[in-house]
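Number of protein chains: 2
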Amino acid sequence: MLNVCVNGYGTIGKRVADAVSKHPKMKLLGVTKYTPDQDAKLAVMAGMKLFVPAESAKSFAAKGIEVSGSVEELVNMADIVVDASSDGNGVKNKQNIYLPKRKKAIFQGGEEASVGFSFNARCNFDLAAGKEYIRVVSCNTTSYCRIIKPIGENYRIKNIDALLIRRGADLNDAKGSALNAVDWKAKSHHADDVRSVIDVPISSIAFKVPHTHCHINSMRITFDGAAPKKDELYGLFKNERVAVLNTASTSSQIVEAARDTGLKRFDTFVPALLMNTFMSNGSDIFIAFAVPQESVVVAENIDAITSQSGILQKNDSMRMTDDILGITKIKSQLENMFS
Amino acid sequence: MLNVCVNGYGTIGKRVADAVSKHPKMKLLGVTKYTPDQDAKLAVMAGMKLFVPAESAKSFAAKGIEVSGSVEELVNMADIVVDASSDGNGVKNKQNIYLPKRKKAIFQGGEEASVGFSFNARCNFDLAAGKEYIRVVSCNTTSYCRIIKPIGENYRIKNIDALLIRRGADLNDAKGSALNAVDWKAKSHHADDVRSVIDVPISSIAFKVPHTHCHINSMRITFDGAAPKKDELYGLFKNERVAVLNTASTSSQIVEAARDTGLKRFDTFVPALLMNTFMSNGSDIFIAFAVPQESVVVAENIDAITSQSGILQKNDSMRMTDDILGITKIKSQLENMFS
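Which chain is which? The protein sequence lines are A and B, in order. If you use this note's numbering, the first sequence corresponds to residues 1 to 339, in order. If you use this note's numbering, the second sequence corresponds to residues 1 to 339, in order.
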């Protein structure tokens, strides 16, 4: 069993911790919390061991929250750390904790690409083997990679213009976003981020809008030669971590379907390719997809652990991760409901 | 076994159907759908029998959705109909279907009070026995009733001024609400609605704001004599369908907690009394509470069925309903996380 710990129990950390604790080849040693809030109580209620900064132990005890040790003790015990701290803190943890301790770690997409090897299971699983520091690229980049890769394997991509309509904040985000504004960033980092994984010509622009459920992303892809026809896309994504939906017309329908089918936290783990947005002039295609921003990267975090440690080969790892997260069933249910 | 059907498979209908199908003394004969959409597919996926208007059977067949018969056939078979159609359609169904067939029915709070006996399990379970037509009052009114009743049993209420901050739309509501506006209605219907259940002096004003999760309601209650002290409220609500939270400070924290604890659709079924909003000057108190608008009335729908049919007495019915919905555990988990 591989000893894994999760440093940071927020949006990504709590989901990765759930998945690790179900993985037959991993043992979740514990998770870290820096504030004695309801999430700390959740972790304990869920049966996880909680590790906190040594100097904060008293504040947890004062609230009656059971603590199993310090963050440092947890990291010392782990074979691998999944760092799920907030954007920019991962690299600090690398400098201050993981490097001095020569501890392997997985980082999230909120960190700069220089923090480690940019990872997507479908695109470069094998290249991550043995890398000490791996960065799971962001939810949007992960989704672009899952969708671009199968297309690029079957058609010659000449150029991609990506346009992202990003959600303003996560449901539980205390920071929030502008309510009365759409803001934007031309030449957003997403193009570079995709290129850190796949060698493909791509530009991107990102707009941020005031809602909380799903990024709605899109691409216009031009081809050298024939573009894929609409019907051909179904076959391309049959066995991918992408749900292909015909009839959804709002992001809220997808969220509602996820709730109705009883998914924990309404996590679907897969981007939804929105086939009624498909347009083509023969040499290019336009297609949009909805990204469940909180859960998409969970699969890649698990696969990054298996790749880094070598405990599973690519296909076995991806299949096992899919099983743990229920991805095949979720994909099938969504495709059925929106057929 | 009591034969129950649910007419209308929307926000309330799908939740009531889930609960009826788990009730040991009820048999869910089926649900109705009027449009062959993803919710129709959901019902079939969930193992429910689907009944549609006779003239619409073809449109369901065209989409490959299995139909078990017509709406009329379903109603004919049922001992009781739970009418969960959209606001104002319940009374039409009463006139056109239930009255001619002399069929008992439960209606929702979107109907006028004249449609049937206004019901709240905690307040008037026994008075509903044998009533042919019962109206489960709205989510807000249900929550006000659950909170006012225990207070009124222990302290002499002189007056209540209620102020509601309503969510603009449900998550899956295609109608939506004004995004750039707060609208309001002085002398809102909620006061009358509460009085249709409890004889208490109350006025209400409702503001509608652009978000989707939880109504945030409040009351200033004045008393003849001493007002309850903050500490005394915990005891009052210990065994009520109300969660008492100390530390929550945004509605999103409650929704996030419901997601994290794995609740289907993040339904909590109980209003959350927000103890850090408590204020008092000795003869009055102010208190606010969050209402999970989609799920609060599910318990009352089930209890209305048992009361109307006489298959269970009040305490047994409420306990069984609580068990089916997991209310005791949900209340305890929320109170623990936000202690």
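Errors might be hidden in some of the hints.
What the hints assert, rightly or not - Covered by chain A, per the in silico footprint, the following chain B stretches (three or more residues, Cβ under 8 Å):
{"hint": "1", "region": "49-60"}
{"hint": "2", "region": "261-273"}
{"hint": "3", "region": "297-309"}
{"hint": "4", "region": "325-337"}
Unchecked claim - Straight-line C-alpha distance at most 27 Å; calculated DSSO-like pairs for lysine-lysine:
{"hint": "5", "chain 1": "A", "residue 1": "K158", "chain 2": "A", "residue 2": "K131"}
{"hint": "6", "chain 1": "B", "residue 1": "K63", "chain 2": "A", "residue 2": "K229"}
{"hint": "7", "chain 1": "B", "residue 1": "K104", "chain 2": "A", "residue 2": "K329"}
Worth flagging that the hints you see were computed from the coordinates, not collected in a lab. Even glycine gets a Cβ: it sits at the ideal position worked out from N, Cα and C.
Each hint tested on the structure:
1. 49-60: Three-residue rule not met by the region 49-60 of chain B, so violated; n is 0.
2. 261-273: holds (count 5)
3. 297-309: With 0 residues closer than 8 Å to chain A, the region 297-309 of chain B misses the three-residue bar; violated.
4. 325-337: holds (count 3)
5. A:K158 x A:K131: The hint is violated at about 31 Å.
6. B:K63 x A:K229: holds (23 Å)
7. B:K104 x A:K329: violated (39 Å)
Hints 1, 3, 5, 7, counting from the list given before, are not met by this structure.
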